[in-house]
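J.: Please build the complete structure, drawing on both the sequences and the hints.
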Amino acid sequence: MDPSPNQSGPAATCEKCGTTLASSTAGGLCPRCLLEMNLASRTMPDGEPSPQVPPPTPEEIADSFPQFEIVECLGRGGMGVVYKARQKSLDRWVAIKLLAPERVHDERFAEHFEREARTLAKLTHPNIVTVHDHGETDGLFYIMMEFVDGVNLRDLMHEGKMEPAQALAIVPEICASLEFAHGRGVVHRDIKPENILIDRGGRVKIADFGIAALVGSEADSSGTPPYMAPEQEAGASAIDHRADIYALGVVLYEMLTGERPARDLIAPSRKVEIDVRIDELVLRALEKEPERRYQTAGDLRTMVETLRTIPRNTADPETVEPKPADTGKPAFVFRWSLAAAALLVFAAIWVNQTDRTRPAANELTNAGQSGPPTLKADEDQSAYQPLDDAVIGLWESAGDGLPRIEFFADGTMSWDDGSMSVGGNYTIPEKGRMKMEMTSLGSTAVMSIRYAVSGDMLTAINPKGHREEMRRVRMGIADPAALRHGNNSADAIIGNWQKNSDQTRTEFFSDGTMSIHDGGTNFGGNFRLLDDGRVKIDMTVYGTRTISTFHFSVLDDVMTTIDPSGRMDVFTRVPKDDPSDEPADSSETPEGLADLKLTKNQAAKINQWLDEKGGVVDPVEYANYIRSILRDDQLPAFRRISQTGGR
Amino acid sequence: MKTTPSTDSSGRMFPVTRWSIVVGARDENSGESMAALEDLCRTYWMPLYAVVRRYGHSAEEAQDLTQEFFARLLQKHGLQAADRDKGRFRTFLVVALKRFLANEWHRDRAVKRGGRWEKVPLDTHIAERLYHESGANSLTPEQLFDKRWALTLIETCLGRIEHEYRDAGRAAEFDVLKVCLTAGRGEIDYESLGKSLGLNGGAARVAVHRIRKRYRSIFREEIARTVRDDKDVDEEMRNLLCALTR
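Which chain is which? The protein sequence lines are A and B, in order. Per the working numbering: the first sequence ends with 647, consecutive numbering throughout. Per the working numbering: the second sequence ends with 1246, consecutive numbering throughout.
Rather than coming from a laboratory, the hints here were simulated on the basis of the structure. Some clues are possibly wrong.
[Said to hold, decoys possible] Straight-line Cα separation of at most 30 Å, DSS-like style, residue types lysine-lysine; simulated pairs: (1) 16/A to 1195/B; (2) 1195/B to 1178/B; (3) 1213/B to 16/A; (4) 1178/B to 16/A.
T.: Structure, rendered in structure tokens:
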């Protein structure tokens, strides 16, 4: 170092390197040091650790992605940071994953990245998060993917574990995605709960397929240690698809027991009360040697599906014909899975904590076939405490408008995620705190949140600190003219109505109960007239409670309804039997119905119905049918009969 | 100051270098190429001035000559392919300047007076002062040019990062943090630094990390503007460090 003589500036020198400093340069700092620090291999001064730097904020990366509106940072993992963004040109939501810069090894990375990303873009499968695009901008390597509106499995396991039925329901879809990818030579290499997403429709989507391989070189043992197969952890040069099967075994073990398998593997059934046949399944997936595991994801899937269809304690599975999962009423099986997903998503996104759950009675049977609909007993609303009026009304997420939640003045609530609504009750033990109880699939989840209402905004904060901002929705009627002339008093709605669009019949009774008959099955529930003129329907269908509302207007024998989303339906009154119809005599009256004083016509209908059933009658279905053809003045007698269990 | 997109989370890759735009342009006088060249010249005219002065021209003459060189350079067809076929903008510029001064271009500069080059605002007062502060007399014109170049680069980078902090309403934070750019091991008292920023020690460490990382990123970006290939950035950095050490 040979400091030059300085002619005109002050003769200050840098304490660190001895360079002569000129007053007017480099903001008074030593230019040599300012240059030299750029040559160091690390950012922080020598010997000082780099702090854990938070990921770039959406604003910080916005300039690099001008064609997107970067909305929020969804999370960060070892591979990078994921942002939610709106692709302006297509007006669609996407997720942008920025690869962590420290993963960008060298000049050849770009080539490697390009090659792998092209492979991933070809993986199109309903259970795999689609890769839309990839590239590099401002030095940021990114992958643009389908945005999955939902939660990941880690969020769902908020108490560490899940109901076995729920856990097993998720596995086949994971297997389907693995089967597909493995068939195309792609190994995921990093299966873990964080990468297993469940969207609002209940569909399982696997994220980050092959990202581990994309980011790491072939021999790199990238992956997440607890989920890594022994051969992967050992850094074996050639790991194959069976590493994914092992990882899925770990995930399943964790879903069932709330713990990851220890070195000395303990069968899940010794930790929690589950079907011992699940043990075999899990332990085989977790075999240390790949050769002893299930050899394909398809094998594992078949096993899980068999286990789900054949209830526990049946005779030797080989002698029992597996019941197809969709026997009977596919529509309701579908609804069931939607409802399950809706409640799970509700629990995870909105509240994220379940205080207690009451498990369904038959955990391993297919809940879609799990029993007849039940008429809902009148709820004792008098026990209900006065609450904070400020929450009453309809709210929607300030983000994308979903979910929508309505709190009714009678202490009931409905939660709607756009595809399915789930009903429940809420209480406000003290202002600012709310307990909610939602029922789906026969399980009731109780959740406690804090909330604050300010003007038309409601902020809900779950025990984990997750905030959800919601805005008030003013109830509007899409076409008020349609409802202007009719009668919308409580009396007007009483009666049996046939929906013009789908021929279902809905009957409202004067005691506040109601039934819907879809041509095959009756579903019962309650209805109530709200102060704003809407009718609120509260039904429980196959263990899932649904609460919905609509405005209505009756003009002569036509009822027009409009629901809060503006959808209009038209119903026509089903003519009552002629009141002058003669009373049936005792030989015509079905057994046990003498009290009802049936008319000949009614008795004939009931007898015909019984004949069609061929002697096997579900009592509740029977009761609903009877109810659907009774006149109002006959109903009190019917209630007495049904309450005493008379058939 | 022209701002370029943030590369905060990388620092490894760069936007297309501006010099490479000039060099790589199929049509050497394309609008894009010329705009890129002009942008570069605006940043690095100061070392040119120092060299012209070093060749013995008076301050007034040096101002005229620098302006004229600038004008020539930016003139259509003023840039010959041979000149551009150099790896670095810095090398190109000093070679072109020496050729300009040695040629007789400047003889008819009166003709050019009033031309487009007068539109380029050059603060010659500052240039004059910096020329004297550079220890100009003991250096060859090339050494002087390189040293001036390195200082300009550093000023540009500091200016950019200061501008970014100021734009984000964090000017005061920058004033506190900038000394950390040159700090060595154990020289930063994070607790007291945190106090003056209203942060705890850990957050102060993050703030230091951020500003150093951003500065490094800007620095590489600026150098990358002047070389043809990103691979040359590190070598150019070492060259400039040598220039400053003289």
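J.: So, for every hint listed, does it hold in this structure?
T.: Hints, one by one, checked against the model:
no. : hint             : in the structure
1   : 16/A to 1195/B   : holds, 25 Å
2   : 1195/B to 1178/B : holds, 16 Å
3   : 1213/B to 16/A   : holds, 21 Å
4   : 1178/B to 16/A   : holds, 16 Å
Checked against the numbered hints listed earlier, the structure breaks none of them; every hint is satisfied.
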